[in-house]
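Each protein sequence line maps, in turn, to chains V and C. Using numbering that gives the first Met the number 0, you'd call the opening residue of the first sequence number 0 and step up by one each time. Using numbering that gives the first Met the number 0, you'd call the opening residue of the second sequence number 0 and step up by one each time.
Don't take each hint at face value.
[Unchecked claim] A short list of chain V residues far from chain C (calculated; beta carbon distances all over 10 Å):
1. L253
2. Q266
3. G327
[To be verified] Pulled a few chain C residues facing chain V out of the computed Cβ check, cut under 8 Å:
4. A74
5. N77
6. I353
7. H378
Please keep in mind that the hints were generated in silico from the structure rather than gathered at the bench. Keep in mind it's a predicted model, so treat the numbers as computed, not measured. Ideal Cβ placement from N, Cα and C applies to all residues, glycine included.
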Amino acid sequence: MTLSALAIAALSATANSSATPILSDDFWLPPAASTFADGLDQMFNFINWLCYFFFALITVLMVIFAAKYRAPKGHTFRMDGPTHHLPMELTWLVIPLILVIVIFWLGFAGSSRLGVEGYVGLTTAPRNSYEITAVASKWTWAFKYPNGVVSDDLYLPAGEPIKITIRSEDVLHALFIPNFRVKRDCVPGRYGMVWFQTDEPTGRSRYHHLFCAEYCGTGHSNMNRRVFVLARPDFDAWLAKEASWLDEIPAEELYFRAGPRLYPRCQTCHSLDGSRLTGPSWKGLIDRVNEGSGKFLDGKSYRDVIGPGKEFANADEYIRDSILNPQGHVVDTYSPTGMSTFKGQLNDTAIEAIIGMMKHLDEFDPKTGKWLKEGSTPAAPATTAAPAAGAEKK
Amino acid sequence: MTTINANPDAVLDTHASSDNYLTHSRGFLSWALTLDHKRIGVMYLVGVLTSFLVGGIFALLLRTELLTPGATITADANTYNQWFTLHGAIMVFLVIIPSIPAAMGNFVLPIMLGAKDVAFPRLNLFSFWLWVGGALFAVFSLWRGAFDTGWTFYVPYSTTTEMGGVVPVVVGVFILGFSSIFTGMNFVVTIHKLRPPGMTWFRMPLFLWAIYSTALIQVLATPVLAITLLLLIVERTIGIGIFTPSLGGDPVLFQHFFWFYSHPAVYIMILPGMGIISELFAVHSHRHIFGYRFIAYSSVAIAIFSFLVWGHHMFVSGQSVLINTIFSAISFSVAIPSAVKVFNWTATLYKGNISLTTPMFYALSFLVLFTIGGLTGIHLATLNTDVHLHDTYFVVAHFHYVMMGSALIAMIGGLHHWWPKMTGRMYNETLGSLACIIIFVGFNITFFTQFMLGSHGMPRRYYDYKPEYQSYHVISTIGSYVMASGFLLTAWCLLSSIWLGRRAPANPWGGRSLEWQCPSPPPHDNFPVQPRVGDCYDFSCVVWKEEEQGYIVDRSLDPELNPNAPKRAGAH
Numbered sequence: 000m001t002l003s004a005l006a007i008a009a010l011s012a013t014a015n016s017s018a019t020p021i022l023s024d025d026f027w028l029p030p031a032a033s034t035f036a037d038g039l040d041q042m043f044n045f046i047n048w049l050c051y052f053f054f055a056l057i058t059v060l061m062v063i064f065a066a067k068y069r070a071p072k073g074h075t076f077r078m079d080g081p082t083h084h085l086p087m088e089l090t091w092l093v094i095p096l097i098l099v100i101v102i103f104w105l106g107f108a109g110s111s112r113l114g115v116e117g118y119v120g121l122t123t124a125p126r127n128s129y130e131i132t133a134v135a136s137k138w139t140w141a142f143k144y145p146n147g148v149v150s151d152d153l154y155l156p157a158g159e160p161i162k163i164t165i166r167s168e169d170v171l172h173a174l175f176i177p178n179f180r181v182k183r184d185c186v187p188g189r190y191g192m193v194w195f196q197t198d199e200p201t202g203r204s205r206y207h208h209l210f211c212a213e214y215c216g217t218g219h220s221n222m223n224r225r226v227f228v229l230a231r232p233d234f235d236a237w238l239a240k241e242a243s244w245l246d247e248i249p250a251e252e253l254y255f256r257a258g259p260r261l262y263p264r265c266q267t268c269h270s271l272d273g274s275r276l277t278g279p280s281w282k283g284l285i286d287r288v289n290e291g292s293g294k295f296l297d298g299k300s301y302r303d304v305i306g307p308g309k310e311f312a313n314a315d316e317y318i319r320d321s322i323l324n325p326q327g328h329v330v331d332t333y334s335p336t337g338m339s340t341f342k343g344q345l346n347d348t349a350i351e352a353i354i355g356m357m358k359h360l361d362e363f364d365p366k367t368g369k370w371l372k373e374g375s376t377p378a379a380p381a382t383t384a385a386p387a388a389g390a391e392k393k
Numbered sequence: 000m001t002t003i004n005a006n007p008d009a010v011l012d013t014h015a016s017s018d019n020y021l022t023h024s025r026g027f028l029s030w031a032l033t034l035d036h037k038r039i040g041v042m043y044l045v046g047v048l049t050s051f052l053v054g055g056i057f058a059l060l061l062r063t064e065l066l067t068p069g070a071t072i073t074a075d076a077n078t079y080n081q082w083f084t085l086h087g088a089i090m091v092f093l094v095i096i097p098s099i100p101a102a103m104g105n106f107v108l109p110i111m112l113g114a115k116d117v118a119f120p121r122l123n124l125f126s127f128w129l130w131v132g133g134a135l136f137a138v139f140s141l142w143r144g145a146f147d148t149g150w151t152f153y154v155p156y157s158t159t160t161e162m163g164g165v166v167p168v169v170v171g172v173f174i175l176g177f178s179s180i181f182t183g184m185n186f187v188v189t190i191h192k193l194r195p196p197g198m199t200w201f202r203m204p205l206f207l208w209a210i211y212s213t214a215l216i217q218v219l220a221t222p223v224l225a226i227t228l229l230l231l232i233v234e235r236t237i238g239i240g241i242f243t244p245s246l247g248g249d250p251v252l253f254q255h256f257f258w259f260y261s262h263p264a265v266y267i268m269i270l271p272g273m274g275i276i277s278e279l280f281a282v283h284s285h286r287h288i289f290g291y292r293f294i295a296y297s298s299v300a301i302a303i304f305s306f307l308v309w310g311h312h313m314f315v316s317g318q319s320v321l322i323n324t325i326f327s328a329i330s331f332s333v334a335i336p337s338a339v340k341v342f343n344w345t346a347t348l349y350k351g352n353i354s355l356t357t358p359m360f361y362a363l364s365f366l367v368l369f370t371i372g373g374l375t376g377i378h379l380a381t382l383n384t385d386v387h388l389h390d391t392y393f394v395v396a397h398f399h400y401v402m403m404g405s406a407l408i409a410m411i412g413g414l415h416h417w418w419p420k421m422t423g424r425m426y427n428e429t430l431g432s433l434a435c436i437i438i439f440v441g442f443n444i445t446f447f448t449q450f451m452l453g454s455h456g457m458p459r460r461y462y463d464y465k466p467e468y469q470s471y472h473v474i475s476t477i478g479s480y481v482m483a484s485g486f487l488l489t490a491w492c493l494l495s496s497i498w499l500g501r502r503a504p505a506n507p508w509g510g511r512s513l514e515w516q517c518p519s520p521p522p523h524d525n526f527p528v529q530p531r532v533g534d535c536y537d538f539s540c541v542v543w544k545e546e547e548q549g550y551i552v553d554r555s556l557d558p559e560l561n562p563n564a565p566k567r568a569g570a571h
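Extracted from the complex, chain V is given alone in its bound form (with noise of 0.2 Å):
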């Protein structure tokens, strides 16, 4: 397979928009996908059904009560109602404490011979785990391979533990992988960990949903991504992969090869149609840069800080300034604290195929950042071949 057939595969990979997610018709809880979930289901059993013993009690005692002593206006009141019975109102009051007590110490330590995993080995990931780090920003998630990889969605090698260290760059986010059972907030100055085993693996046909679970504001609700978890064959294939793929992209395909699959890091907040987002669009960017006559929020216009001799030579170099240190200049009417740092998250080459993509926007569809002359492009048959190939999806 030549290079740019390689780049054609990653691209079309892009689109692995047909993955369904891994969802359960049951009443309660989603499928559990990780070694401990059946375990914390349990325990969630446990609790369900000593509610429904009290539930029941409490509501059969109250009807049957309300029906059989109802009495009409006017009768005289019996008054052989006991005020109160100390033996009865110290039972009531004696095991609902032992139950939550073993309650609390269930959930805390767990028990394998009831099969409850515990709070504790919640907290405690096994020393040979599989390390990533995810980096939460508004609104999209990096997760950080141990060999510089970084990925959108998260994936994961099957059977595996898995730690990830978590922060944010701004304000609070909280990852969240219901079929897992884990969360965990992401505060910023912080480090935090979820650990899990994984279970069966997905393949790239259906995932697992990740959510953000604490809310940081107009994206929140977007802010999913999809967990895929593979076989550790794939999971290295598709690792290697992911490491070289902006690499093997000829330098002149690189703006909508690579572009369009960097895209969508961006496109919450930047549009491709001038539709105003929580960011500055795309379109026009690049003429309004050359022009010099956009504003600043401190007051400064573009052309005092962008041309020959000024802080920056050329828009390329405002526009790399700007996915770095983004909060640096900012263009008026927009938030100072909307964008976080891209360092680390995006490299040369990638910044370029953006910069590269923001010159030739009218050959993106403005809605989904598609490349639309791809079908001119005669390496399109490899498309097919692609998934095997072990290419996939940033």
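Put chain C on the given structure of chain V with help from the hints.
Just chain C now, with coordinates in the frame of chain V:
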């Protein structure tokens, strides 16, 4: 019975005269500057119910938006975010916190004590105007660009969001806090100093125990919220780093401060509701409340425990495992006094003389809803199950069962209970009970689905959601419409009674405490002299009087008030 009336103290004069608190003086200023606790209570009630209407409209907007994934009635996620923030902030700070203590408590507390007014009537009026001021700031914040922080104002989002309404609304909540503190202080002093002869601590109606416990929390916890909000304002306006990491602060510190108030605040909301329910069960069962002391102590226990459990809001926020474990253990302690109350209320029905009145329907609804709300709290206090359920609709459902299904239902129940006393009119009971049933059904459709939704992993505060959650959302939204129609029916039922209702007797339900022994509506001074009281849950001296279509409290039958009273069977 007629012979008993020979004793002048036998029945307090309950004949409604033309001079009652509503007609005592006229004109706008006679209300705006009134020192009469009853008028202040009524003004609070109007304010609270108006806020409830506004908060309810936001709730319906939210539910309607959630009918479909993505855009339904607004294409802008920010608008949705503002709606849920306003819904939460209005319902918590303007409705539930002041509803029972400030509105019901103000009206009922001094009358229950047989007092003329609260201890500090001027402070009471000041509290009310502070409440109005706080509410105006909330309105002002909308004009300044609204806010989208959630009612919790979590940093760093609240210090960095672009919306201009954050500082005004935080100032508003700060002011509302003082309104709450002053009301609490007033009630503590009133209960300590103005109890009538014969009313020892363990003779107080349980509503007063609840209000007293609540007042203690209000006085002790609210200042913490005040200082936290001040720090937030300082950080947002002049950039002093306390909570925001980029300024050297710690966002988790804000959560600790916030929940140190806001968890006790949950009990500020529910405790008075429990107090009302104790009254409703006793009065409408015409039977001594079962286990008075346990209920009274459990109110105090809840008030104390409420200060020790705030960390359970932060199990996944980055607290240490040890702290989480300790908070989980302490959180379970709240289950005990709550369970005691539920069992004692149920036992109060046993061998009672139950009238299925509208207030009783609310009390029974409360019992069911609070049982569900309380039991699902176990899932959330348990460490390992909370990790999955935290910040999902399961939590939303849980706290709506407690805050709305319990606290608010108790408030509406209390409103129906004391409405004849407040207005001097009886509402249509069939309509009132029907509305209660509609609300009950609608409530469960709305929120029980949300337990399922949350357990399947739907996070809260989502404008958009995955298609598989839609069926739950549609059912939930339909439930909210049912509930809304129930509330509209309730509003019609109560308001129409002012014009259409028959005159209320002094004691329409057969209550025993002092507020049922003064005319409906009460005169300006409540009682000519502070009456002596006996056991306020002893219903043996409550008798039905056909010609008044109401009950009277025949004090001559009470051995504590009349040594010559006939001995009765079943006395304790």
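So which hints don't hold here, by number, going up? 4
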